[in-house]
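Protein chains: 2
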Amino acid sequence: MRLSHYLFFTSKQVPAEAELISHQLMLRAGLIKQVASGLYSFLPLGYRILDKVVSIVREEMDKAGAQQLLLPFVQPADLWKKSGRWDEYGEELLRFQDRKGSWFVLSPTHEELITDLAAEILTSYKKLPVTVYQIQIKFRDEIRPRGGVIRAREFLMKDAYSFCEDEEQMKDIYERMRSAYERVFSRCGLDCKVVEAESGPIGGDISHEFIALSPAGEDKVVECNSCGYSAKLERATSIPSQQVDKEDEKQLEEIETPGVKSIESLSSFLALPMRKLLKTIIYQTEKGYVGVVLRGDYDINEEKLKKLLKAKEIHLASEEEVREELGMEVGFVGPVEANNKLLFVVDETVMQGKNFVAGANKKDTHFVNVNPGRDFSPYLVGDIRFVSEGDKCPLCGSLLQVKRGLEVGHLFNLGYRYSSKLGASFLDKMGNKRPILMGCYGIGVSRIPAAIVEQNHDDEGIIWPMEVAPFKAVIIPTSNETFNFSQQLYLKLRDVSEEILWDDRDISAGVKFKDSDLIGIPLKIIVGNTFLKEGKIEIKKRKDGQLIKVSKEKIVGKLMELMQYG
Amino acid sequence: MRLSHYLFFTSKQVPAEAELISHQLMLRAGLIKQVASGLYSFLPLGYRILDKVVSIVREEMDKAGAQQLLLPFVQPADLWKKSGRWDEYGEELLRFQDRKGSWFVLSPTHEELITDLAAEILTSYKKLPVTVYQIQIKFRDEIRPRGGVIRAREFLMKDAYSFCEDEEQMKDIYERMRSAYERVFSRCGLDCKVVEAESGPIGGDISHEFIALSPAGEDKVVECNSCGYSAKLERATSIPSQQVDKEDEKQLEEIETPGVKSIESLSSFLALPMRKLLKTIIYQTEKGYVGVVLRGDYDINEEKLKKLLKAKEIHLASEEEVREELGMEVGFVGPVEANNKLLFVVDETVMQGKNFVAGANKKDTHFVNVNPGRDFSPYLVGDIRFVSEGDKCPLCGSLLQVKRGLEVGHLFNLGYRYSSKLGASFLDKMGNKRPILMGCYGIGVSRIPAAIVEQNHDDEGIIWPMEVAPFKAVIIPTSNETFNFSQQLYLKLRDVSEEILWDDRDISAGVKFKDSDLIGIPLKIIVGNTFLKEGKIEIKKRKDGQLIKVSKEKIVGKLMELMQYG
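Going line by line, the protein sequences match chains A and B. Residue 121 in this note's numbering sits at position 1 of the first sequence, with consecutive numbering throughout. Residue 577 in this note's numbering sits at position 457 of the second sequence, with consecutive numbering throughout.
To be clear, the hints were calculated from the coordinates, so they are not data collected in a lab. Note that the structure is predicted; figures quoted are calculated from it, not measured. Take these hints with a grain of salt, some might be off.
If several chains are the same, the list does not tell them apart, and a pair holds so long as it fits within one copy or across any two.
[As the list claims (entries may be wrong)] Under the rule of at most 16 Å between Cα atoms (straight-line distance), these lysine to aspartate or glutamate pairs were calculated in the EDC-like manner:
1) 340 x 509
2) 246 x 624
3) 220 x 262
4) 183 x 618
5) 220 x 261
6) 246 x 626
7) 183 x 615
8) 549 x 626
9) 313 x 137
10) 313 x 179
11) 432 x 422
12) 660 x 285
13) 201 x 211
14) 370 x 495
The shape of chain A in the complex, shown without the other chains (with noise of 0.2 Å):
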């Protein structure tokens, strides 16, 4: 291709609306453009990535045994409505009506409409188990789009789904799955860590994630070197850093702590350690006003707060439902002596820790010396907080690291929470009609892109792995003496790669290794004074800067193994 005639364009500004590093690179690089918030046009270039990365979800997908088809992304309300989704969904789901009234919604995934098929052609054991995939636009309206192609609205996704006799079944092809997905990110040159999961509004139990670790990543992964246990931050447990106090229940004690309304500057006006303190965070859910107590070093993970409560939406209470409805003073708010309509789910950490200070629910007061069960009676123990640094592996004890990172891959054993509702079922060997069970596997196609240069960039910009670079090699005439060979050789090599790029532009020769190290071609070939001199081309490598001089009768053939084995 050459690039004078190349819808493309770089950019030496960092845009402004760009925090991640692979935002600003993919915008600065012209591989992406911002059409309006979370909506994205993928330029030449930049779909040559997509594409390739689009060809290895097929390939390895096809391995696995997945048959591809494509579902409408524009899908009637009816489906939703039969899953209880509709209700379920929020806001996330686009709903619109056509020209005639009737309901629809922007696929945000297809579990639905997958299911109803399912329901009507898998209708015997005889035809299990099926896995079947699509690679298709998905739209979900979030509130706050992140990270150009990282969080956009309309993305690109390989959502796969599997229909199964048994739980035997699903575990192969969960397997099989798991191990095709290593494959496509290897193949990507992404660092992956597969963890434990929470499978949110998709359903099911039990479900893993892929996770590109990187510090920009929004989602947090906890891991042990030691026993290799790992899990995403939302379900990981672990055992807390400092566990059971052993000194003996003082007495409890009324103190002054005038204006002392956090955690932090309690922990300073008092010389305490955080882990002496409780917090009380006061939650509105279906079952009442609910306390949720802390140890002072730690955050409160309000999704296994949930799932210990059994409920299915929980929200913080507002000042005013605190101060009005209950009477408590906010800032000094407690377990101790407080409105029993309150419920107190408690931390196991705390349960196991001794002379707590705690709010006194009087403006300016705090209670020392407070011990649960003495003090004040848990409603619920549980697991309710996330893992913090310092925190040990619940399975071995070795330290905890807490990393971020970026999903990629997901994982989900959905059960029949589909196949019951949407009454896709099977006759058995015995003639018996059971459910199907299901699995749903997503890959989010057009965020791995991102999540490559993340992981592969320096102070020059992108670094692109050979498999997924736009052009492998990029053609660079340092001067008009040897424009002429770069043409010549340019047409040669046309005629063998559909990998190479020729920098024909007009500009000088600076501008164009700055461009090629801007979009991270990872080979430059440059017909320069070597070549005037020494009649050679030079080579050069964007990964490690390692220049190679070959001689013109040479290059077709240096190339292509360069090419293939970086």
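Based on the hints, put chain B in the right spot on chain A.
Frame of chain A; chain B shown alone:
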């Protein structure tokens, strides 16, 4: 692929909702499935066909030098307001609000977005010409979706856009696209006609359509076998079958025609040919009421009428309006002694005739010997009729033929319609700012499989051309005794081609043959009696029934040959 575990079904029943043969066969063969009106899923078998069409389109677009990209399907309304199409497009443009209340559309086409991109990037003559394309879903909220994937609401389209400096570059690209289209359709096995066409809501001046001839088509094409003239019926012109009346003008007379309201009944009542009768149709337009006068043997072409009137919208006046606003008698309307609010637009063929019969604007009364010019004065005269059987070629005078067909591709020279409204201009060699000259080029990718079926089927089902067949061959064991060998054969062939289906289903050989004929697999590999008796495998061609016997040693080579050359 093992057919037993394929998401696949066939049906003997002709679906009640399907009129067209392609729609019936695609449903019966389990290629597509309706999700809601105008919304279809492509099941795995159907998707393989679609995917092959997509590959052909991509290859030919790439060869033609077009650069692939991907624009968002959900578009913000603002660009549509800028181009004026927010108001012009009508109800097929699906508009909706996101959770924040901003307006968006589901893309029916992408001129706005791509012009906006070009405006930013293609700022110099040095970068022109550029052609880009995408293969992506579109949505048009058709009031009457039709023929399955032929006129669906959501469909897959290839849309390309070119950006040129001048008409010379434009012509070059237009021709390159035109020959790329010829290769695409010929590789798909389609018999297509290229015709001049209207550009409709896309706009622009020059436009050609590729029409796949088929009795099921909703488009009509006029063609001359002598000189090669061809055009869409909408814009075809002709020399009328009988032109100028040579007779003298006779005396105007009123006659009684009790209850004779239609042009057909008038023709038999008076024993006169239709061409001697005038029909007068009343339209409401921006210019007030217009009476359109045509010969009885022609139909009104509203597009031509609109152009002649330079009107944006016209619609038929209601009977009430004719009666109450104009005081005229429905069924007996005519141009003589009519309400003088009415402007008459008269087809040119009327002006060349004499002594017509026309309604007298009184109940049960007509005039005879009506002579245009003498008895009424036209406001406008022009070609406002559809070409009719028996008309002659406007270029060479030979007899024209009217055929039905299906639009599969469209080329437009857009002129400056979008570039001027959206500010896409470039600096030319002289440093002057000039608008970019644009073209756009569509292929209805997801309707191509249906068009192929329309042209390639028999009573048993579909006959896929080799290049777009979902699988090129199916192995059919005809009994339990040959099942094991068929499996060995499948495993061996699977290693050399992904195009082989193995019908391992536990059903009769008869049903397997019927299914294979219905879904249209080009080659049946029969492992049956001949194999048991002579050790030979039979290959039967779907197209002509030819039967070839091959030894098992030679099967791979023979099959590869047949799969490549048919």
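Results of checking the hints against the structure:
{"no.": "1", "hint": "340 x 509", "result": "within (12 Å within a copy, 73 Å between copies)"}
{"no.": "2", "hint": "246 x 624", "result": "between (60 Å within a copy, 11 Å between copies)"}
{"no.": "3", "hint": "220 x 262", "result": "between (27 Å within a copy, 10 Å between copies)"}
{"no.": "4", "hint": "183 x 618", "result": "between (25 Å within a copy, 11 Å between copies)"}
{"no.": "5", "hint": "220 x 261", "result": "between (23 Å within a copy, 9 Å between copies)"}
{"no.": "6", "hint": "246 x 626", "result": "between (65 Å within a copy, 9 Å between copies)"}
{"no.": "7", "hint": "183 x 615", "result": "between (30 Å within a copy, 12 Å between copies)"}
{"no.": "8", "hint": "549 x 626", "result": "between (72 Å within a copy, 14 Å between copies)"}
{"no.": "9", "hint": "313 x 137", "result": "neither (29 Å within a copy, 50 Å between copies)"}
{"no.": "10", "hint": "313 x 179", "result": "neither (22 Å within a copy, 37 Å between copies)"}
{"no.": "11", "hint": "432 x 422", "result": "within (11 Å within a copy, 59 Å between copies)"}
{"no.": "12", "hint": "660 x 285", "result": "neither (55 Å within a copy, 36 Å between copies)"}
{"no.": "13", "hint": "201 x 211", "result": "within (15 Å within a copy, 26 Å between copies)"}
{"no.": "14", "hint": "370 x 495", "result": "within (11 Å within a copy, 118 Å between copies)"}
Violated hints, listed in ascending order, are 9, 10 and 12; each of the other numbered hints is respected by the structure.
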